[in-house]
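Student: So you can see what is in the structure, the chains are spelled out below.
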Amino acid sequence: MNDRLMIGTRKGLFELRPARGAWTITKTSFLGDPISMLLADPSDGTLYAAQALGHFGVKLQRSSDGGDSWQECAAPAFAKGEPDDASVSYLLCLETGGPDHPGWLWCGTVPGGLFLSKDRGDSWSLNEALWHRPERKEWTGGGFDAAGIDSICVDPRGSDRIAIGVSTGGVWITEDGGGAWHPSSTGMYAEYMPPQRREDPIAQDVHRLVQCRAAPDTFWVQHHNGVFRSTDGARTWQDVSTIRPAKFGFAVAVHPNDPDTAWFVPGVKDECRIPVDGRLVVARTRDGARSFDVLTEGLPQQHAYDLIYRHGLAVDGTGTCLAMGSTTGHLWTSQNAGESWTLVAGNLPPIACVRFC
Amino acid sequence: MARVAFTANLQRHLACPVQTAAGTTVCAVLDQVFAAHPRLRSYILDDQGRTRRHVAIYVNGGRIADRDHLSDAVGDDDEVFVFQALSGG
Chain A
1 MNDRLMIGTR
11 KGLFELRPAR
21 GAWTITKTSF
31 LGDPISMLLA
41 DPSDGTLYAA
51 QALGHFGVKL
61 QRSSDGGDSW
71 QECAAPAFAK
81 GEPDDASVSY
91 LLCLETGGPD
101 HPGWLWCGTV
111 PGGLFLSKDR
121 GDSWSLNEAL
131 WHRPERKEWT
141 GGGFDAAGID
151 SICVDPRGSD
161 RIAIGVSTGG
171 VWITEDGGGA
181 WHPSSTGMYA
191 EYMPPQRRED
201 PIAQDVHRLV
211 QCRAAPDTFW
221 VQHHNGVFRS
231 TDGARTWQDV
241 STIRPAKFGF
251 AVAVHPNDPD
261 TAWFVPGVKD
271 ECRIPVDGRL
281 VVARTRDGAR
291 SFDVLTEGLP
301 QQHAYDLIYR
311 HGLAVDGTGT
321 CLAMGSTTGH
331 LWTSQNAGES
341 WTLVAGNLPP
351 IACVRFC
Chain B
358 MARVAFTANL
368 QRHLACPVQT
378 AAGTTVCAVL
388 DQVFAAHPRL
398 RSYILDDQGR
408 TRRHVAIYVN
418 GGRIADRDHL
428 SDAVGDDDEV
438 FVFQALSGG
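Chains as they are written, first to last, in the working numbering: chain A, 1 to 357; chain B, 358 to 446.
The following block holds chain A by itself, in its conformation from the complex (with noise of 0.2 Å):
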């Protein structure tokens, strides 16, 4: 079991520590100041928070300490004079460049840029490679005004090989660390589209993209209109028409070691984004989608409105432990799998992303 749990919100930044059995918040950080995304790199221990300040734009964080002090490094940036007139408005995922590279970080952006630091966060550059492919400019807003990279799966066999999930914009992979891509999206359909669009690789919602880290062929994703899963790295897509009780939602997490096991928390639809019926629950499946358990021990089953963003919902390591939070400020985690859930804190800002350090 992992023994940090990091929470980002609306309002700072949270660290929590298992106590006695029970998960408690043992430090804060940027009180007031709206977190986007965290990560912890396993390669020196840095810990990297993600601001989007309201009035003053995104910046980025990094701690050589655990988090005891913070010291601002370079934030991803579009070049002045860039043709599209685009800037970063969010920073809205973060992740390691892999083991062979220490030190290398790829954030995801919106609007839709991918970003590549090869010094910890000193500097950054645009992939020019995706920003330019002609497609990119038809990806258009999911969530927010215009697209966002939400995921970034480097593969674990290889760190040349990286799988992006785009809201809205579709799966993106590229083979060679960044130098090519191209869409994969073969097997997802958007509901929201007009007919002759619908199986438009640009236009599937991927709100969330995960890779199982040891059988890394297998992808899941939660998409606008449902849930989806490849079992071929990410090149065709199976429509999973078994989860309960919908198909809507943003956070999916699978088990790092388990490729059939993955965690959703549905929604009844996107627009009514709240609990069926006022229950809070997750949809769990054991068995590579051919069933899922609604698992509600210890979440609220009468008027909850909580909606679990994109990067709310997280395991760690075994697959054992798992933590969720609202947009209303609920913190839960599980620590066998999802059977049962406790509530941890009831009155924390709106949480935006959970992460396992």
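None of these hints come from the bench; they were simulated from the model.
Virtual Cβ for every residue (Gly too), placed ideally from N, Cα, C.
You may find that some hints are simply not true.
If the Cβ cut is set under 7 Å, some of the chain B residues that face chain A in the computed set are [said to hold, decoys possible]:
#, residue
1, Y400
2, D404
3, G406
4, S428
Here the structure of chain A is known, so what remains is to put chain B in place on it, guided by the hints.
Tutor: Only chain B this time, still in chain A's reference frame:
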């Protein structure tokens, strides 16, 4: 030299004391400030050099007209104020 002052809310994030800077436009004045305080630029301007949406810049008592290029004139005895707009929650 114009006098340049910043909202106290910005001081939460980085030091930006009242200072003087030369220039005949808001852009020129702020460029001189940013030359001495490089981190400050991204707090005031977006990636394309435009005034951030939720930042307001005044010359004396008047809000600047050109938020994108900061071409509003500044005189030697003028005061440039950088505030946060009343937005957010």
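Student: Hint numbers the structure violates, sorted upward?
Tutor: 4
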